[in-house]
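Kindly generate the complete structure, drawing on both the sequences and the hints.
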Amino acid sequence: MLLHRLRLLPFLPAYVAVYFLFLYLPILLLPVFSFNDAATTTLPLAGFTTKWYASLWGNTVLLQAARNSLIVGVCVALISTILGICAARAITRYRFRGQRPATGLIMAPLFLPEIIVAVSLLMIVLQMGLELSLVTVILGQVVFCIPYSMSVLVSGFEGFDRSLEEASYDLGETAIGTFRRVTLPVVAPAIVSSLLVTFTISLDEFILAFFLSGTEPTLPVYIWGQLRFAAKLPGVLALGSLMILASVVLLTVAEVMRRRAERRTQATLVP
Amino acid sequence: MPDRPMISIENVSRYYGTYRALDDVSLEIGAGEFFSLLGPSGCGKTTLLRSIAGFDVPTAGEIRIDGTPCTLLPANRRPTNMVFQNYAIFPHLDVGENVAYGLKRLKLDAAEERRRVSDALDQVRLTGLDKRKANELSGGQRQRVALARALVMRPKVLLLDEPLSALDKKLREQMQVELRSLQKAVGITFILVTHDQYEALALSDRIAVMFGGRIAQVATPKEIYQRPRTRMVADFLGGMNFLQARLTSERSGSVSVETARFGTINLERPKGFAPTNGHVTVGIRPERLRLLWDDERAPHELVGRVENRAYFGEVTHLTIGVDGLEQPLSMVETNDYGADDLPLGAEIRLAYDPDAFVLLSEDERGARM
Numbered sequence: 001m002l003l004h005r006l007r008l009l010p011f012l013p014a015y016v017a018v019y020f021l022f023l024y025l026p027i028l029l030l031p032v033f034s035f036n037d038a039a040t041t042t043l044p045l046a047g048f049t050t051k052w053y054a055s056l057w058g059n060t061v062l063l064q065a066a067r068n069s070l071i072v073g074v075c076v077a078l079i080s081t082i083l084g085i086c087a088a089r090a091i092t093r094y095r096f097r098g099q100r101p102a103t104g105l106i107m108a109p110l111f112l113p114e115i116i117v118a119v120s121l122l123m124i125v126l127q128m129g130l131e132l133s134l135v136t137v138i139l140g141q142v143v144f145c146i147p148y149s150m151s152v153l154v155s156g157f158e159g160f161d162r163s164l165e166e167a168s169y170d171l172g173e174t175a176i177g178t179f180r181r182v183t184l185p186v187v188a189p190a191i192v193s194s195l196l197v198t199f200t201i202s203l204d205e206f207i208l209a210f211f212l213s214g215t216e217p218t219l220p221v222y223i224w225g226q227l228r229f230a231a232k233l234p235g236v237l238a239l240g241s242l243m244i245l246a247s248v249v250l251l252t253v254a255e256v257m258r259r260r261a262e263r264r265t266q267a268t269l270v271p
Numbered sequence: 001m002p003d004r005p006m007i008s009i010e011n012v013s014r015y016y017g018t019y020r021a022l023d024d025v026s027l028e029i030g031a032g033e034f035f036s037l038l039g040p041s042g043c044g045k046t047t048l049l050r051s052i053a054g055f056d057v058p059t060a061g062e063i064r065i066d067g068t069p070c071t072l073l074p075a076n077r078r079p080t081n082m083v084f085q086n087y088a089i090f091p092h093l094d095v096g097e098n099v100a101y102g103l104k105r106l107k108l109d110a111a112e113e114r115r116r117v118s119d120a121l122d123q124v125r126l127t128g129l130d131k132r133k134a135n136e137l138s139g140g141q142r143q144r145v146a147l148a149r150a151l152v153m154r155p156k157v158l159l160l161d162e163p164l165s166a167l168d169k170k171l172r173e174q175m176q177v178e179l180r181s182l183q184k185a186v187g188i189t190f191i192l193v194t195h196d197q198y199e200a201l202a203l204s205d206r207i208a209v210m211f212g213g214r215i216a217q218v219a220t221p222k223e224i225y226q227r228p229r230t231r232m233v234a235d236f237l238g239g240m241n242f243l244q245a246r247l248t249s250e251r252s253g254s255v256s257v258e259t260a261r262f263g264t265i266n267l268e269r270p271k272g273f274a275p276t277n278g279h280v281t282v283g284i285r286p287e288r289l290r291l292l293w294d295d296e297r298a299p300h301e302l303v304g305r306v307e308n309r310a311y312f313g314e315v316t317h318l319t320i321g322v323d324g325l326e327q328p329l330s331m332v333e334t335n336d337y338g339a340d341d342l343p344l345g346a347e348i349r350l351a352y353d354p355d356a357f358v359l360l361s362e363d364e365r366g367a368r369m
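Protein chains in written order, with UniProt numbering: chain E, 1 to 271; chain F, 1 to 369.
Because the hints were derived from the structure by calculation, they are not lab data. Predicted model, so just to flag it, every value in this text is computed and none were measured. One or more of the hints may lead you astray.
What the hints assert, rightly or not - For each label pair, taking beta carbons as the anchor points, the in silico distance ranges come out as:
hint, chain 1, residue 1, chain 2, residue 2, range
1, F, D122, E, V249, 45 to 51 Å
2, F, R269, E, R89, 45 to 51 Å
3, E, Q127, F, G42, 53 to 59 Å
4, E, P109, F, G42, 18 to 24 Å
To be verified - Far from chain E, some chain F residues (derived; all Cβ distances over 10 Å):
hint, residue
5, T71
6, E178
7, N335
By construction, the Cβ of each residue, glycine as well, lies at the ideal position given by its N, Cα and C atoms.
In structure tokens, the structure reads:
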């Protein structure tokens, strides 16, 4: 039936091909040109080199930015996952007044224009007389990462069967022991997945970091600064390629962990 | 009544707001008894089981386990263990680790722990499967792991929350036999929650039938089936023909009632029997009515017509219309003489034994312990 209909629409495969080309060709060009032995991004390619990657290592400003991104990423991942655990547990375990509005409000940053939120956060930070620093970047990004963290965790916690904890109490374990020996191991893959997703988002995030970072740029802010100089472009491409690679690896691992978490919690439900 | 109560439940009530999940329940369960809590969903049987396990705290009343008051004792400090309805096998642990879960807290030496785990697995016939992953188990195996995990703790009381309801019919019947022999082997008190009357009848030493948060009757399977006290108990435990009757005489040990077509019946007088304005309900089980063939004669006969017939393989269920009775009678006949071939509308004669009638109380709250 479906095959039949697809044959009637011969342009569908072509449409899909164009769609993917449009989506991924520019991203594929990034690593291609990052290995190109020329200072400009023009065809034909001039020859293979790894010198742009080598040049990244000697660049102390860049390394500083990478360090900043790492600090911010780790902090954002930890804070938003911890807060996400609380929210996801409340939503999946309890029924309370205002549950739906609360869930909506936690998820809302996903749909708010990021630049507006960034500007209002900047205004508040300045009003309060705080210095712009990595701390302000972390706080801003946490707001945006909690929805992602919560979605991942809710899907991991949803199938978590309350009777597992009851079985643990029943077998003599204490509340803390139950959390350590049952709850945590069963939901651990979901938590790891949330950490990886939020770290990746933080690593790639530009607008909030741009507004709130002050004199300590993160990697995306550093790249933005480098784009003014045409000569720096190949180095930026090399850096960009590395960041894409890191993101793809992290998100793949996160998805694998999330599915494992789902399987694990569902395994208890199948009789 | 048990000689030594392992569980005493004294006037236990559990309210959720104004809803009474348990309404002044009192019960004693003996040491080594296989006891079933039987009733429809929402009757309070699971709430009562969870109160014994320590997962639910009664609003009022007291629960004693082996003489020790336990009403407020948390689940992890009670000498009870539970087999959950969905088995609650820890998904991140293998079979051996699941069974050893509770033992870890006892800090046994490694050899002793291993011996107890393998003994428990032998008991439920899962020998050698200790390295099996939780998600590689069949439904029956999961149930055995849940049993082993509870029994390895050597509880005074094993609680079973509808443990067979997730299994298919064949496996369920096999597990019933095993559960019964397991209980006899370990000798501890088993308390089973079920809504399946055949399961309760087949497994239990005694059964408590519950409706609406109250216990309607506690008795042995045979007594509860043959001598149900109330209409609801009789109805829940299988087919029953109910007849309206008029009380004609009342003595200390027995009563006489007058029925439309069965004449005067003398019945044993149940404990606490109090008729309302002379009208009572009596009942007779379908299998206690018997078809008479050819010129066979019986001291008590009745004439009727076949109104409906349902073939069940080894037996046939018949609905017999009798002039002068409001409701047709149901009966169950073996197929030895051709009950499965009786045409609809056929005139038949049936025999009954007046001693098979029971006097039933209408009010499900009338019959108390």
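Hint check:
no. : hint                          : verdict
1   : D122(F) / V249(E): 45 to 51 Å : holds (47 Å)
2   : R269(F) / R89(E): 45 to 51 Å  : violated (59 Å)
3   : Q127(E) / G42(F): 53 to 59 Å  : holds (58 Å)
4   : P109(E) / G42(F): 18 to 24 Å  : violated (43 Å)
5   : T71                           : holds (16 Å)
6   : E178                          : holds (17 Å)
7   : N335                          : holds (36 Å)
Checked against the numbered hints given earlier, the structure breaks hints 2 and 4 and satisfies all the rest.
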